[in-house]
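**Q** What follows is each chain in one-letter form.
There are 2 protein chains.
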Amino acid sequence: MTHNKGIIAVISGFSGAGKGTVVNGLTSRYGYSVSISATTRTPRQGEEDGKDYFFKTKKEFEQMIKEEKLIEYAKYVDNYYGTPKDYVFGKINSGQDVLLEIEMQGALQVKKKFPEVSLIFITPPDAAELKNRLVKRGTEKPDVIEKRVMRAVEECSFMPEYDYIMVNDDLEKCITQMHSLIQSLHYTRNNQQLLIDRISSDFKAFMQL
Amino acid sequence: MTHNKGIIAVISGFSGAGKGTVVNGLTSRYGYSVSISATTRTPRQGEEDGKDYFFKTKKEFEQMIKEEKLIEYAKYVDNYYGTPKDYVFGKINSGQDVLLEIEMQGALQVKKKFPEVSLIFITPPDAAELKNRLVKRGTEKPDVIEKRVMRAVEECSFMPEYDYIMVNDDLEKCITQMHSLIQSLHYTRNNQQLLIDRISSDFKAFMQL
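As given, the protein sequences belong to chains A and B, one line each in that order.
Anchor point for the first sequence: position 198 equals 194 in this note's numbering, and the numbering is continuous, going up by one each time.
Anchor point for the second sequence: position 81 equals 77 in this note's numbering, and the numbering is continuous, going up by one each time.
Possibly wrong hints are sitting among the right ones.
Below, computed lysine to aspartate or glutamate pairings styled on DMTMM-like, alpha-carbon distance capped at 20 Å [what the hints assert, rightly or not]:
1. Lys200(A) x Glu151(B)
2. Lys1(B) x Asp159(A)
3. Lys62(A) x Asp74(A)
4. Lys200(A) x Asp198(B)
5. Lys108(B) x Asp159(A)
6. Lys200(A) x Glu63(B)
7. Lys200(B) x Glu151(A)
8. Lys143(B) x Asp198(A)
9. Lys200(B) x Glu142(A)
10. Lys62(B) x Glu43(B)
11. Lys65(A) x Asp82(A)
12. Lys109(B) x Glu125(B)
13. Lys107(B) x Asp159(A)
14. Lys107(A) x Asp82(A)
15. Lys107(A) x Asp159(B)
16. Lys1(B) x Asp48(A)
17. Lys127(B) x Asp74(A)
18. Lys200(B) x Asp48(A)
19. Lys65(B) x Glu112(B)
20. Lys132(A) x Asp166(A)
21. Lys108(A) x Asp159(A)
22. Lys1(A) x Asp165(B)
23. Lys54(B) x Asp82(B)
24. Lys81(A) x Asp45(A)
25. Lys87(A) x Asp48(A)
26. Lys143(A) x Asp198(B)
27. Lys200(A) x Glu150(B)
28. Lys1(A) x Asp159(B)
29. Lys200(A) x Glu157(B)
30. Lys87(A) x Glu112(A)
Hints are computed from structural coordinates only; laboratory data are not their basis.
On a predicted model such as this, the values are computed, not experimentally measured, just so you know.
Required output: the full structure, derived from the provided sequences and hints.
**A** If you want it as structure tokens, here you go:
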């Protein structure tokens, strides 16, 4: 019997929902792998190639697009960002579960190409709490915060496209629930195809004994 | 905010997969409600109406079919068996999770009518183990056991219709995993419709402040 493949869980949510903190908690506590993005933007002070990002030239990135080496990609301002296929599939083929923290349009692209992935949406309990968190962070100016809240209003329409929706009210509780949910994804039909095939052929063989 | 509705988990599997034992473990350990079937068959010694079954006359049962008061039903030999809607929906509306242990064709009927339910399939690790368990039970004659194994071979074709498939190799582990899976079902899109509506209208209202 071959070992089971890992599963791919795509995690998105409103800016300020606490996705990053939840994903960090999941990796440090339970050892999940997190997909590393490829980008054409210049490395910032202290950023390492292959750890923070896979840094690529524009030419290299466009070659990756052409050769379909990306699960999803998008262009922001003048830079490309994308999720390399080899890294993610290498991990799941060796039995590791991989988390992809990507924004909503990227998430829907991934689901379309790979229906076996599960899309998980994280939301704060309400709009007031989302704004509170963005204000508390203290990294953005009021007009940027307003824009993020407005964007969240638009993004509400994507929620019904997600497979699972979880409220991040209490961080510890959210991390524990999320781990339990991700482990349960191993039992989905799409992730049990190997088992279905094995059981079916085993029963047929058994009948012929 | 209204409380969340309970969820409906339909559990099926090959005869000998250990469904009954798993369901008993789930109810005694975690307090799940289990749907009680309606039937036209005569009560056996010690069976209680409203506990083991809802005992109905043929006329009453056919009236229930006509009034669409059953989630699913089937006729075996000369008796009807079915799952009453009122009982199940009463439970989930009061926030309790309900388990339905029904055979595969009934399970697929339920899913067709109520797509928000989740179908979970339990399988033994392989055919030899299924046969072992049926033999160990000691309640059936060899020819009945052969028929059950043959039926399992046919039933393999239903596995891909299920939402989740779980191996029952170790009973304790299976009960724990199943509880974790059922709890995760609360986060599925279909079971989070109230949350999606609430968040969407809250964000819209927040924008208009």
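**Q** List in ascending order the numbers of the hints, as given earlier, that are violated by the structure.
**A** Numbers 4, 6, 10, 12, 16, 17, 18, in rising order.
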